[in-house]
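Visitor: For the sequence shown, counting from 1, position 81 maps to 81 in the numbering used here; every step adds exactly one.
Do not rely on the hints blindly, as some may be mistaken.
Just the calculated beta-carbon pair ranges, DEER-fashion [what the hints assert, rightly or not]: (1) Gln57 / Lys90: 20 to 26 Å; (2) Arg121 / His64: 19 to 25 Å; (3) Tyr66 / Thr6: 25 to 31 Å; (4) Arg121 / Gly16: 32 to 38 Å; (5) Thr6 / Arg121: 37 to 43 Å; (6) Lys52 / Pro109: 16 to 22 Å; (7) Lys90 / Ala35: 14 to 20 Å; (8) Gln44 / Thr68: 18 to 24 Å; (9) Leu120 / Tyr66: 20 to 26 Å.
The set of hints was computed from the structure by calculation and includes no laboratory data.
Here a beta-carbon is modelled for each residue, glycine too, at the ideal position from N, C-alpha and C.
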Amino acid sequence: MTSMETHTIIGGCYCGEVRFSASSDVRVRTNCHCANCRRAVGAQAVAWIVIKRSQFQFTKGTPHRYQTETGAWRTFCPHCGTSLTYEHNKRADEIDITTGSLDHPEDFPPTKDVYPEERLRWVELIRD
Numbered sequence: 001m002t003s004m005e006t007h008t009i010i011g012g013c014y015c016g017e018v019r020f021s022a023s024s025d026v027r028v029r030t031n032c033h034c035a036n037c038r039r040a041v042g043a044q045a046v047a048w049i050v051i052k053r054s055q056f057q058f059t060k061g062t063p064h065r066y067q068t069e070t071g072a073w074r075t076f077c078p079h080c081g082t083s084l085t086y087e088h089n090k091r092a093d094e095i096d097i098t099t100g101s102l103d104h105p106e107d108f109p110p111t112k113d114v115y116p117e118e119r120l121r122w123v124e125l126i127r128d
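Use the sequences and the hints to build the structure in full.
Guide: Put into structure tokens, the structure is as follows:
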């Protein structure tokens, strides 16, 4: 899978109350090791795909939006708590979607690590 193909991306939360879709190229497929992402999701790292924000839409339900101290916006299901997206004005044309919330996460394996210096010591990084 190349990163500049247009993909139909569908996903949602654990309980099914919030759903989304997009038709976009996937610009980045990554594991984020930053402390903010780890804390927000409750995991050792967060796998993300990055797409064009204009191509993304919520198709069912309304997620809760939380603004972080860094000015980013994170969305999650208000019923089950599934982390869904991350947006920051520094990248106004992009939205990050948690790979785990995709209907077919296996189609978008991470290709790199970001903030590896913040990773937990027992986490292995992707090797090129």
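Visitor: Evaluate each hint against the coordinates.
Guide: Taking the hints in turn, this is what the structure says about them:
The hinted window of 20 to 26 Å between Gln57 and Lys90 holds, with their beta carbons roughly 22 Å apart. Checked against the given bound of 19 to 25 Å, the beta carbons of Arg121 and His64, roughly 32 Å apart, lie outside it. Between Tyr66 and Thr6 the beta carbon distance is about 30 Å. The supplied range of 25 to 31 Å therefore holds. Range check, Arg121 to Gly16: Cβ separation about 36 Å, and the 32 to 38 Å hint holds.
Distance hint for Thr6 and Arg121: a CB-CB separation of about 39 Å, consistent with the stated range 37 to 43 Å. In this structure the hint that Lys52 and Pro109 lie 16 to 22 Å apart at CB holds, the actual value being about 20 Å. Distance hint check for Lys90 and Ala35: the Cβ-Cβ separation is about 18 Å, which falls inside the suggested range of 14 to 20 Å. Taking the beta carbon of each, Gln44 and Thr68 are about 20 Å apart, inside 18 to 24 Å as hinted.
In this structure the hint that Leu120 and Tyr66 lie 20 to 26 Å apart at CB holds, the actual value being about 23 Å.
Of the numbered hints listed earlier, the single one contradicted by the structure is hint 2.
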